Amino acid sequence: MAVWDLSVTLEDLGAEAPPITVSVTSDLHIGGVILKLVEKSQVRRDWSDHALWWEQKQQWLLRPSWTLEKCGIHADARLIFMPQHKALKLGLPNGLTIRVRACFSGSVFRTVLGICKMLSESRPQTELSLLRPVEEKKKKKDKDLSEEVYDLTDVPLTSVSRPCLYNGMPAHFADSPKTEKVYKMLSVPQPAPAPEAIAKLYRPASIVDKAHIHSRWLDSSRSLMQQGVQENDRLWLRFKYYCFHDMEPKYDAVRLTQLYEQARWAILLEDIDCTEEEMMLFGGLQYHINKLSLSEPQAMTSTPAMDDLDSALQCLEVKLDVGGSSPQDLLDNLTAPELNDYLKIFRPKRLTLKGYKQYWFKFKDDSISYYKSKEESLGEPIQQINLKGCEVAPDVNVAGQKFCIRLLIPAPEGMNEVYLRCENEEQYSRWMAACRLASKGKSLADTSFQSEIQSIRSFLAMQQTNPSTNSSQTDDNINTHSLVSPRYSKKYKTKQLAPKILDAYQNVAQLSLTDALLRFLQIWQALPDFGLSFVVVRFKGSRKDEVLGIAPNRLIRIDLGVGDVVKTWRYNNMRQWNVNWDIRQVAIEFDGNVNIAFCCVTADCKIVHEFIGGYIFMSTRSREQSDTLNEELFHKLTGGHEAL
Amino acid sequence: MMDDIDAMFSNLLGEMDLLTQSLGVETLPPESSSSTSKEVNFTMGFADMNVESLNELEENDFDALMADLMADLSATENKLVAELEEQKDAKVANPDLPAPPRELSSYVVPSLSTTTSPDTGLNTTYTPLADSHIPSFSPPQPPQHEKPSMEDVEAQIKSDKIKLALEKLKEAKVKKLVVKVVMNDGSSKTLMVDERQTVRDVLDNLFEKTHCDCNVDWSLSETNPELQLERGFEDHENLVDPLSAWTRDSENKVLFQERTEKYEVFKNPQNFYLWKKDKKTLKDMKDRDKELLVEENFCGPSIIVPDLEGVLYLREDNKKSWKPRLFLLRASGIYYVPKGKSKTRDLVCFVQFDNVNVYYGKEYKNKYKAPTDFCFVLKHPQIQKESQYIKYLCCDDSWMMTLWVTGIRIAKYGKSLYENYKTSMAKAQLTSAWNNRSTTTTSTPSTSSTITNAKASGKANGYAPQPPEEPVANIGIEPPPPPPLPPAQILPPHPTVKRSPSPNATTKKLPSLPTKYPPSQATIFNLPAPPLSQDDISFLPPPPDSDFPLPPPPPDPAFCPVTNRVPKPAPPPRQLYMGADVPAPPPPPPPSFTPTSSVIKTAPLPPKRTTPMQAAPPGGGDFMSELARAMAKKRANQ
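Protein sequences appear in the order of chains F and W.
When you line the first sequence up against our numbering, it's residues 1 to 644, in that order.
When you line the second sequence up against our numbering, it's residues 1 to 638, in that order.
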């Protein structure tokens with residue numbers, strides 16, 4: 001058989017180094033070529049990760065037993081001998097960048113599995129994928145600061161095997177302080193960004209913009225190399241499919257945190273629409289999460305709030321142990337504490353312009369009583385107001401030293417409006433906290449009373465500071481504008497925003513970090529548009545572009561002009577779908593002889609095909625067998641014609 | 001230090017009792033036996049509480065009520081004692097413990113002589129709080145004080161006492177209501193509901209009483225005739241809460257009826273989640289697809305609210321007009337689209353669900369000139385009368401109304417709704433299975449025992465109604481009544497032997513106990529207790545039966561103390577733990593009613609109750625005394 005020369009570039013020798021020529025015959029298998037090549041290079045090292053890449057054909061030669069003839073390689077082939085694993089910069093959902101060694105030769109599906117296995121301690125995750133980042137055309141000068149890159153390339157991939165925890169983190173993170181820091185970055189929510197930073201980031205302005213992002217997903221059935229990704233390129237790692245299998249907050253700290261980050265940014269960047277009320281709740285939750293992740297970096301465990309009986313009991317026991325305390329003290333512990341102060345009250349009534357009148361107020365249990373004076377407080381109160389179930393709202397102007405509490409107290413005849421005016425912040429914080437607790441049926445003895453006071457104070461402080469002077473934040477002072485999307489940042493001034501967020505925050509202030517993250521995700525998942533990925537398509541027989549929304553359980557057709565959902569098809573009525581790769585058309589058949597077909601405008605039809613196949617794959621992943629992953633099925637469902 | 005604490009507790013308990021005592025005095029006039037209807041009408045203690053006036057109740061209602069009351073109280077007591085017992089187990093075995101009990105028994109004995117033998121207090125149990133508490137007998141220095149080696153034990157005893165006291169305090173706050181439930185045939189049943197009971201518990205209770213088919217549609221609902229409103233309670237709600245919002249003169253009613261829309265969303269989810277599809281598709285929906293829909297929307301990490309939007313008519317404030325508006329339902333509330341604004345970005349919040357309930361409005365076409373009669377209302381549960389804070393909405397047809405009301409319920413209650421449904425289903429299936437197996441055994445269960453079950457379990461969810469077996473099982477669970485503290489050792493003749501067989505026998509032989517009898521027992525317990533606490537008695541060795549001085553010995557010696565102890569001077573009253581056997585099914589019918597009624601007539605009503613409701617808001621006392629008077633009246637009429 002004829003011997004011919006095959007020249008192979010050895011990537012490790014550098015780009016300028018001349019290719020190495022080896023003499024081969026057509027029946028030499030790939031393994032033989034590599035052997036000859038290594039011998040000739042005279043470089044001693046571990047070559048086990050290296051493989052041949054055929055540049056013209058953009059493909060890997062990964063089967064060592066295949067002969068050159070079988071591969072179709074002739075003398076003109078430009079082959080490169082290079083490692084299969086290379087460094088890759090990954091933009092994480094939390095906005096930070098991490099450098100990892102990723103597999104450039106396997107399918108992206110596998111590559112992502114490998115990355116997830118390294119980053120997170122959980123079972124195989126298929127809901128993430130890689131996409132090309134949105135180019136940041138803005139001032140390149142900012143880039144000079146060169147963002148911090150968390151390097152994980154030293155972590156040998158082979159060591160990442162079974163999830164075994166060490167120091168509360170996967171063992172391979174516990175190796176050095178550097179990797180421990182990376183784990184912390186991955187598993188703890190990032191502090192709130194500066195409002196300016198949010199405003200600078202790209203925000204989709206329309207549904208078509210939102211559709212464009214989905215044209216960037218990499219093809220899961222092909223390798224990174226095949227898709228033109230080079231070493232040290234930057235890609236985004238994102239949750240692509242909105243089915244989050246088996247979220248186990250205890251073991252999935254990284255996954256939970258990154259999902260939260262993705263959800264938070266989706267909301268901050270208006271990727272998903274939410275109402276003002278929802279935005280304020282998201283803001284309140286973010287505030288709470290920020291506070292917790294700053295104060296308790298690793299304590300993810302939830303501390304169930306003791307009910308007041310338990311706390312009273314504890315108090316008692318402590319007192320008993322100390323001994324010598326008077327029985328009166330003990331009795332005091334069994335009776336709820338009180339607030340007593342001179343306050344001013346105002347009841348707006350029609351056609352009367354009576355102002356605030358001062359009385360002696362007593363707050364006990366969940367009621368307010370008031371008396372003419374302190375001296376008369378032993379007698380019958382002028383009135384007693386039970387606050388259970390009432391609405392409490394602040395009416396505060398810090399600059400104007402106005403500290404009012406607006407109460408809407410339900411009564412059989414309707415709601416009674418009452419304003420209480422406090423002298424100063426201190427008094428206001430206490431009474432406001434008491435009112436809030438009472439409205440939820442809790443007494444002053446509740447353990448949350450002090451923290452409630454604290455948060456009211458810090459929100460008051462927020463209204464004093466000028467937002468422009470400190471965009472960065474300290475522990476206790478978070479700029480409320482960094483908690484809402486630019487739309488609401490523009491709509492409200494700080495002093496308007498703070499009470500709204502505080503109001504929402506009160507309802508979640510007792511949650512542990514994990515619970516707060518979960519709550520955030522729940523509210524996100526309950527948004528009507530949750531889980532929709534958009535693609536602009538042209539339906540067969542239609543003359544105009546429309547939008548196809550792909551959700552975990554259904555496809556929707558949206559009229560571009562009006563933005564209305566025109567039609568919904570559910571996957572469980574789906575009989576089959578086909579892709580005609582030549583005319584790049586997706587055809588779907590549903591029960592009852594419903595057939596639709598469309599061409600994709602903004603994204604490749606492979607992406608749409610993968611979305612549909614991916615969601616159907618997810619629905620087959622039942623809980624019982626979550627540890628195993630039927631990769632073959634995934635490729636069958638998402639692969640397209642190359643895979644078959 | 002020890003006596004400090006003891007003194008403290010005495011103070012505390014004394015104070016609580018003084019409170020009740022004063023209540024008792026003012027609400028229990030001695031002429032109660034001849035109480036007129038006016039007296040019976042004495043206002044209920046709970047402000048704004050719709051407690052049925054007792055004189056409206058039918059005769060046999062009393063029996064049921066008393067049984068309820070009885071079972072209820074004793075069940076809780078039992079639970080506490082049982083819990084305490086568990087904690088104590090280790091220590092009871094400790095032989096080093098005799099000091100306190102010895103002390104106790106020594107001062108208890110004299111009380112035996114003064115109170116004469118019959119009052120063996122079979123049904124009372126030693127309460128650990130008692131030891132420090134009997135001024136006449138109690139030595140000022142508890143013996144523990146001299147034994148420093150016992151510190152650990154003391155500490156434990158101490159903390160148990162504290163727990164007990166706190167439990168009691170908690171218990172004391174439990175609010176109870178007498179509720180008249182209108183059945184679907186127009187008749188009514190009266191039951192006692194305490195604030196911890198959920199609607200589910202009450203439904204289970206009603207199932208036992210009515211022998212209906214227990215299907216998932218059965219529900220309790222409230223009506224408000226003034227506002228022409230109706231709302232089905234959700235199974236997880238506490239019934240007392242919404243009822244507490246009723247005004248005293250309220251015409252509101254609680255109905256027990258089948259409401260098909262209650263769980264329709266789980267039976268035909270497609271009608272709610274795919275409501276835009278054509279009728280035929282919805283009708284032909286396969287069961288599997290329905291299951292999938294439920295799973296998708298209720299089993300995920302967050303509950304998905306049906307995607308509702310449409311034009312509803314909103315009643316303008318203070319005007320008679322109804323304006324159409326485009327409303328949207330989201331998990332966070334109802335929104336509307338202002339004129340000329342976009343549907344995605346400019347939604348204005350109309351209402352959020354934290355503080356409102358959703359009600360059906362009845363015949364609003366007539367009442368408020370609504371475009372149709374298919375109206376629903378959102379209001380704070382406290383609001384009972386016409387007000388600007390009530391939001392009235394009107395739909396085109398009844399289906400849209402069901403959609404919206406159900407959607408709002410899903411948004412408001414979320415997962416609880418589905419949990420409720422699953423519980424209801426389990427209950428319904430068990431019942432039907434039971435009924436199919438043996439139709440004969442489901443005969444009338446004894447009222448008091450079934451109630452006990454519903455209450456003792458606290459969360460009677462999914463509880464299978466197996467009338468004959470229940471009481472037995474219950475006894476098995478309840479630990480035997482020996483006192484939790486060492487005295488048990490010293491008092492071997494604790495009458496366990498005598499006691500336990502009787503309830504068992506009762507249940508087995510009398511599965512359908514006539515409801516007339518239980519009250520006779522219940523009455524005794526609910527009667528204000530004699531001034532002398534029964535605590536003391538529980539330490540006494542039970543005298544042999546032959547020693548019973550009373551001619552007609554009632555099967556339960558607990559009858560007697562009432563008469564015998566009345567003349568005693570009243571030491572500071574205190575709380576009492578009843579024996580663990582109290583919730584057991586009622587004993588065989590007492591030989592006659594005479595002793596009971598004579599007790600009531602002759603004995604001036606002592607100013608103290610033995611129930612743990614002592615520190616309850618004044619209403620508790622009023623209610624109890626009213627019951628007592630009503631009972632007395634009833635007897636007098638007999």
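Among the hints, erroneous ones may be present.
Computed Cβ-Cβ distance ranges for the label pairs, DEER-style [as the list claims (entries may be wrong)]:
#, chain 1, residue 1, chain 2, residue 2, range
1, F, Arg347, W, Pro338, 41 to 51 Å
2, F, Asp154, W, Met425, 54 to 64 Å
3, F, Gln227, W, Cys349, 42 to 52 Å
4, W, Asp241, F, Arg234, 32 to 42 Å
5, F, Asn232, W, Glu291, 44 to 54 Å
Here chain W is said to cover these stretches of chain F; the calculated rule only asks that three of the stretch's residues, wherever they fall, bring their Cβ under 8 Å from a Cβ of chain W [stated by the list, open to error]:
#, segment
6, 221–235
7, 268–281
No lab work stands behind these hints, which were simulated from the structure alone.
As the structure is a prediction and not an experimental result, all values here were calculated from the model.
Built from N, CA and C at the ideal position, the CB exists for glycine as well.
A quick look at each hint next to the structure:
no.: 1; hint: F:Arg347 - W:Pro338: 41 to 51 Å; verdict: 32 Å, violated
no.: 2; hint: F:Asp154 - W:Met425: 54 to 64 Å; verdict: 56 Å, holds
no.: 3; hint: F:Gln227 - W:Cys349: 42 to 52 Å; verdict: 46 Å, holds
no.: 4; hint: W:Asp241 - F:Arg234: 32 to 42 Å; verdict: 57 Å, violated
no.: 5; hint: F:Asn232 - W:Glu291: 44 to 54 Å; verdict: 50 Å, holds
no.: 6; hint: 221–235; verdict: violated (count 0)
no.: 7; hint: 268–281; verdict: holds (count 6)
Consistency note: the structure conflicts with the earlier hints numbered 1, 4 and 6.
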